[in-house]
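S.K.: Take each chain as given, in its own frame, and dock them per the hints.
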Amino acid sequence: MSRYNQGTLIVSSSPHILDNINTTRIMLDVIIALVPAFIMSGVVFGPRAILLTITCVASCVVFEWAFEKVTKKENTITDLSAVVTGILLGFNLPSSLPYWMAVIGSFVAIVVVKQLFGGIGQNFANPAITARIVLMLSFATPMTTWPLPKQILEASDAVTGPTPLGIMNMGGNISELPSKIDMFLGFTGGCLGETSAIALLIGGLYLIGRKVIEPTIPVVYIGTVFIIALIAGQDPVFHVLAGGLMLGAFFMATDYATSPLTTKGKIVYAIGCGILTMIIRLFGALPEGVSFSILLMNILTPHIDNLSRRKIYGGGGKK
Amino acid sequence: MSIFSKHLPAIHVEHHKYTAECPTEKMPLPDKLYISMLQHIGAPCEPTVAVGDHVKVGQVIGDSEAFVSAPIHTGASGKVLSIEKTMSSVGIWDLIVTIAVDKKQEVLEDLSPPEVTDKESFLKAVRASGVVGLGGAAFPTHVKFNPKNPEEVDTLIINGAECEPYITSDYRTMLEDSELLVNGIKTTMKHLNLKKTIIAIEANKEPAIKKLSDMVKDEPGIEVFTLKSVYPQGAERVVIYETTGRVVPPGKLPADAGVLVSNVSTIVALQRYIETGMPLVSKKITVDGNAIKNPKNVEVLIGTPINELIGFCGGYRRVPKKIIMGGPMMGRAIYDDSIAIIKNNNAILAFDEEWATVPKETACINCGRCVKACPMMLMPTTIFKAYDKKDVEALKKLNVTLCMECGSCSYVCPAKKQLSFMNRLAKQLVAEGGKK
Ligand code: SF4
Ligand code: SF4
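Line by line, the protein sequences are chains R and E.
Mapping the first sequence onto the working numbering, position 217 (from 1) lands on 335, and the numbers just tick up by one.
Mapping the second sequence onto the working numbering, position 220 (from 1) lands on 232, and the numbers just tick up by one.
Some clues are possibly wrong.
Covered by chain E, according to a simulated footprint, are these stretches of chain R (three or more residues, beta-carbon under 8 Å) [to be verified]: (1) 130–136; (2) 141–150; (3) 234–241; (4) 418–430.
Once the Cα atoms are required to be at most 20 Å apart in a straight line, the calculated DMTMM-like pairs of lysine to aspartate or glutamate come out as [to be verified]: (5) E:K372 / R:E186; (6) E:K115 / E:E320; (7) E:K208 / E:E188; (8) E:K397 / R:D423; (9) E:K131 / E:E164; (10) E:K384 / R:D137; (11) R:K329 / E:E26; (12) E:K429 / R:E192.
Quick caveat, the hints were computed from the structure, so don't treat them as lab data.
Since the structure is predicted, the reported quantities are computational estimates derived from the model, not experimental observations.
Note that the Cβ used here is the ideal one computed from N, Cα and C, for glycine as well.
Chain E extracted, bound-state conformation (with noise of 0.2 Å):
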C-alpha cells in the first residue's frame, strides 16, 4: 500500500483453482428447466410463452420493453409446463417459467445468424443475443455497449482475471473458445469504433496468456496484458487502472474514463450468437469444493436445477452445509439446492460443516488490516465504527458508497469482523437517509 505504487492495494487469497485442468463436459439435458424472468439487472422479463405452449431450442420466452433488460431464451425443446410466481433468493418476486424437456432439442427454424452492417444493427443483436454482463454483474450489455459518450471511448477491456478462488471456468472459455473470443473482439471493436483491446489476464493462467498471445499478434490494436495474481483484480475499476491507469470517478460509469470492461464469457456468447444465431442458453460452470465428490467444469443449459448439476459432478461426497453461486470472496450462499442455473451464474461451491462454519467476531483491535488491504482505499474500520453509530454524515465522508463489496477487508480481519457486510448494510443506510 506504499504511497509509492502504482498498484491498488490488494491481498493474497489462495487460488484453489483444482478444477484448471479440467476441460468442460457437456451435461445431458435435464427432465425440466426451471427459467428465471429474473436474471439481470434492470426490469424483469415477462414470459412471452403461455402455459402448454410448445418451445424450441433458442425460442425466446421472457422479454421486457424497458431499456435494460435483456431475452431470456429457452436452451431445450419441450412444453411450457408452468409460470409461476416464486421468491428468488435474493428475496424480491420472480416468475419462473419451467420447460418440461421433451429431448428432441428441436431448433427454432429461423434462427439464422443476425446481419450485423453497423452500430445500429450491432447493438441490436447484442441485445437479441440475450448476453449480460457474465462475470457476476449481470448488466445487459447492449445498455453497457451504448454509452452516453461514445466518441470519448476509445479502449475495450476484456477481464479474464478470473480472481476469484476455486472459479475456472473463464480460464477454461479463453482455452476452449479462443476463436470466439478474439473473433468477438474484433466484431466488437469495429462496430464500435474502438482503437484498443486490453485482454487482461491473471498471471497464474499462463496457458491462457501463451494462447490468446500467440493469435493476438498479428491483430492491430489488440494486446495481452499480465495481471499480478492477486485479489481483486478482476473487480472493474481495479482492472480499469491495473491496465491503463484510468480512475473511474466515484458515481461514474468506465465509459465516463473511456472504457467499455466485458468479461470473456460475455464475448464469447456475443460472438456465438453472431456467428450462428444461437443466443445466450448455455454456461460454462465450475462445480467445486470439497463436499463435491467429482469437481469439474460443466456446460449447462440455464434453468437446469443446481442439485441436478451437482449430481451430474457425483453427487456430494459429504453433506453440504454451505453452497455459495459464484466464488467464495463474492459469491452468494443460496438456501435450497433445487434453485436454477441464471446467466450470471459461473461457480458453483459446496463445503462440508468444517468449512462453512462462520467463526465468532471479536473485538476490533485496530489493527489497520483492513485499510491496508482496501483496493479503493476506503477506511473498513472506521466505516463499520460509524455504522454502530448510525452516523450517515461520517458514514457519506467515508465515501463509503464506493465499497464494491469485494470482501478484501473482511478477509483480512484477525477478528472476523463482517466488515464488507456492515459497509452493505452502511451503503443502505445511506441511501436511505439521502432520501430524507
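If we strip away everything but chain R, and leave its shape as in the complex, we get (with noise of 0.2 Å):
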C-alpha cells in the first residue's frame, strides 16, 4: 500500500485538538451582551446615544487599523476588540458629548492604551476607562453635562440636570431621586449605557452563562459596594443601582487583560474595586468612583498577580 511520510504528513507538538474557541468568538459574545444596553441607551436618550456609540465603534477600528498598517504589524480588527472597545467607550459618554470628543476618546484608547503598549492582553488598564478619564480631565463640562431622559425632558424645561449620585453628593434634596424602578429600568440622568441596570445584568449573565466571564468580579464588586453603603447607613440598593457600577462591574472590571488570573487575585481585586468606589463616592469631590477604582485596581493588577499565585499541586496544603 502507498506510503505516506515526511512530506505530506503534518508533524506537530500535542495536543492535536483544541476547543473550538477563539478570541473573536469571546469577544462576539461581549458584543452580544452589550446590545441589550446599547437598545436602552437609545430609548433612553433618543438616536444621538445610538450615534455617538456607532462613532466611537467606527473610530476605535479605524484606529486600530490605521495604527497597524502604519506600523506594519499584522492586522487584528477581526478579533473585534476594537468593536468592544468602541461599544464600551461610547457607554461611558454623555449623550450630549461632541462626536470630535468622542473620536478623541477613541484615540487615547486605541493607539495610546492599546496599541502602543503592545496590543490585545498587553494594556496595562482598561483602554475605554483611561479614555473616558483623558476625557474627563480635558473636557470637564462637556464631560458631566448629563442630558435628561427623553420622558423626563418631555415633562420639563430642562435639557440637562444630574444624575442621581450627583444628586446626593450634592447633599440634594432625597425626594428628587429617581425611583428604584428608573434607576432599574435605566430612566436617570448619567453615561448613556450605563443607566439601565436590568439591561446591563442581562448581558452580564449572559457573559457568565458563556463562561466568557467568571461571576468572581462582579459579584464580589456589587457585594462590597453594598455591605460598605449599608455600614455608611446609605440606602445599598440605590448605590448597586447608580452610577457606572453595574456596568463597570460586569464589563469593565472583568476586561481580561487588566484583571488578575486567580480567582484568589479575582477577589482581592473585586474587593479593592468596591472599596475605592464606595470611598469616592462618600468622601471624594467627584459623584462617581467606578472608573478611578478601577483604573486604580488595574494598575495593582499585576502586584495583585504577583502576590496570589496560587498553591500549585503538591506544593503544601490541599484542599
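M.R.: Structure follows, in C-alpha cells:
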C-alpha cells in the first residue's frame, strides 16, 4: 500500500485537538451581551446616544487598522476587540458629547492605551476607562453635563440635570432622586450606557452563562459596595443601581488583560474596586468613583497577580 | 477550580469513543516484524539474536544488563533478516531487528509459566515478562514494583481511566480480559504485600465498571472507583489524588505517597505471562480517526508496521495529513506510517487535512482559561511569558517542571497558543540552566 511520510504528513506538537473557542468568538459574545444596554441607551436618551456609540466603534476600528498599517503589524481588527472597546467607550460618555471628542477618546483608547503598549492583552489599564478619564480631565464640562432621559425631558424645561449620585453628592433633596424602578430600568441621568441596570444585568448573566467571564469579580465588587453602603448608613440598593457600577462590575472590571488571573487575586481586586468606589462616592469631590477605582485596581493587577500565585499541586496544603 | 473543591481542575473534552463497542479483532500475521530495541524508558536493549538466526514465538530477541530496562520478545517465528540502526521517531538512534515471518508460529519449547512463590521470584517474573508501563510512560514495571520504601506502600491503583478521546483499547481490555485483570491484581497484591487495590474507571465506561464491580465484590481489599468523565483523570498524579486524596510532591514518585499505579493492560499482560509463560508480544490498539476506513480495535503483534495495521482496518478513507501514536491530547504525531508498533502504543489515529491543520496563534488575551484548566495548578500564560524572556529563575518559581504536558492548557486557549509545547521547551531550558 502507498506510504505516507515526511512530505505529506503534518508533524506538530500535542495536543492535536483544540477547543473551538477563539478570541473573535469571545469578543462577539461580549458584543452580544452589550446589545440590551445599547438598545436601552437609544430608548432612554434617543438616537443621538446610538450615533455616539457608533461613532466610537467606527473610530476605534479605524484607529486600530491605521495604527497596525502604519507600524506594519499584523491586522487584528477581525478579532473584534476594537469594536468592544468602542462600545464600552461610547457607553461611558454623556449622550450630548460632541462627536469629535468621542473620536479623541477612541484615539486615546486604541492608540495610546492599547496599541502603544503592545496590542491586545498587553495594556496595563482598561482602554475605555482610561479614555473616559482623559476626556473628563480635558473636557470637564461636556463630560459632566448629563442630558436627561427623554421622558423627563418632555415633562420639564430642563435639558440636562444631575445624575442620581450627583444629587446625593450635592446633599440634594432625597425626594428629587429617581425611583428605584426608574433606576433599574435606566430612566435617569448618566452616561448613555450605564443607566439601565436590568439591561446590563441581562448582558452580564449572558457572559457568565457563556463562560466568558466568571461571576467572581462582579459578585464581589457589587457585594462590597452593598455592604459598605449598609455600614455607612446609606441605601445599599441605591448605591448598587447608581452610577456606572453595573457596567463597571460586569464589563469593565472583568477585562481580561487588566484583571488578575487567579480566583484569589480576583477577589482581592474586586474588593479593592468596591472599597475605592465607595470611598470616592462617600468622601470624594467626584460624585462617581467606578472608573477611577477600576483604573487604580488595574494598575495594581500585576502586583496582585504576583502575590496571589495559587498553591501548586503538591506545593503545600491541599484543599 | 473553586478553592473549596475536592477535585483537581479538569476540562471537558469530547470523548469520540466510536470504537467502544468494537470487540478486539486479531490481525493476521504480517510478512515482517520490525522490532525496536528502544521500547521503554531507561537503557535500550541490545539484540540477543544475530542475522540469519531462526526465532520462535516468545523468544527474547533483545535485552540489557541495566536495571532500568526490560527484555523484548518476538511474537512470530521466522528468520532474523537484518539488524539496522535507524533514526527513531523521537530523534534518537535505535536498532531495529527485522524478522521475516514464516507464519508457522512455532512456539519456544521451554515456554512455561514461571515459578512465582515470593516477592523476589515475582519481580523476576515481572522483568522476564517484558512488561513496561503500557498506559504510555513505558517505564519498566519491575522497577516500579520495587520501590525503595516497600513498607510504606500500601495501595495499588489500577488505572482504567482512559481519559484520552478516541482510545478504547483499555476499555476493551477491561471487558475482554477481566479475569486476567482481577487475577493479576490478586497476584500483585499478594507478592507486594499490598492491602488495598482501587480500580479507577471513568464514569463513561459503565459496562466495565459494572462487570468489574461484580467480579470483585467478594474480593477483600479490591474496589472499583468511578472517576468523573473529565480530562485528564488518567494522569498519574491526578488519578492518585482523585482516588486516595494523596499528593505526590514535586520531584517524588507515587511510591513516596504510598501508592503504585498500573495501567489495566500492564496488569493483564503480566498475568498472562504468569499464567501461560507468554511474554508481552502483542497489544490491543484502537485504530480510529476520520481518515481511517473501518475504525476498530485490533490485537496486533509488536513490530507490525503501522501502515499494515491501517490496511487491516480497510486502509485510508481520505488522504491522511496527520497520524498520531496515542491519543489526540498527548500522543505524538509521526512522520512516517511505515514505522512499527511498540509496547506502549495503545492507539493509532489518522486524520485528514481539515482536522490536521494547526490553527494560527494569536496574541494572548490574558483570559486565564489556561490557569483555570491546569490540573497541577500551574500558570501556563505566566510560564510562557517567562520562557519568552528566557528567565530561568522565574520558570523555576513557576514550577514548570511539574507540568506533565497533558495539553489541557493548549486545548482551552482561545489564542491557540501551544502552551504545553512551550512548557516542554521551558522544562528543557530549566534543566540546562540547572547544569550551568
Ligand atoms: S488561555 Fe491563552 S489567551 Fe488565555 S491567558 Fe492562557 S495563554 Fe493567554
Ligand atoms: S500541559 Fe502542563 S501546564 Fe498545561 S495544563 Fe497540563 S500540566 Fe498544566
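S.K.: Each hint: holds or not?
M.R.: Evaluation of the provided hints:
Counting residues of the segment 130–136 of chain R whose CB lies closer than 8 Å to any CB of chain E gives 7, so the stated coverage by that chain holds, three being the minimum. Check result for the segment 141–150 of chain R against chain E: holds, 3 residues qualifying (beta carbon to beta carbon below 8 Å, three or more required). Figure legend: the segment 234–241 of chain R, annotated as covered by chain E; annotation consistent (4 residues with Cβ-Cβ distances under 8 Å, at least 3 required). Residue count for the segment 418–430 of chain R with a Cβ under 8 Å from a Cβ of chain E: 5. That meets the three needed, and the coverage hint holds.
Between K372 (chain E) and E186 (chain R) the CA atoms are separated by roughly 18 Å; this keeps the pair inside 20 Å, and the hint holds. For the given pair, K115 (chain E) sits about 16 Å from E320 (chain E) by alpha-carbon distance, which is consistent with the 20 Å threshold. With a CA separation close to 24 Å, the supplied pair K208 (chain E) and E188 (chain E) exceeds the 20 Å bound. With a C-alpha separation of about 14 Å, the suggested pairing of K397 (chain E) with D423 (chain R) holds against the 20 Å cut-off.
With a C-alpha separation of about 16 Å, the suggested pairing of K131 (chain E) with E164 (chain E) holds against the 20 Å cut-off. Using a Cα cut-off of 20 Å, the hinted pair K384 (chain E) and D137 (chain R) holds, with the two alpha carbons roughly 14 Å apart. In summary, the hint linking K329 (chain R) to E26 (chain E) is supported, as the alpha carbons are separated by about 17 Å, within the 20 Å threshold. This hinted pair checks out: K429 (chain E) and E192 (chain R) have alpha carbons roughly 17 Å apart, not beyond 20 Å.
Consistency note: the structure conflicts with earlier hint 7 alone.
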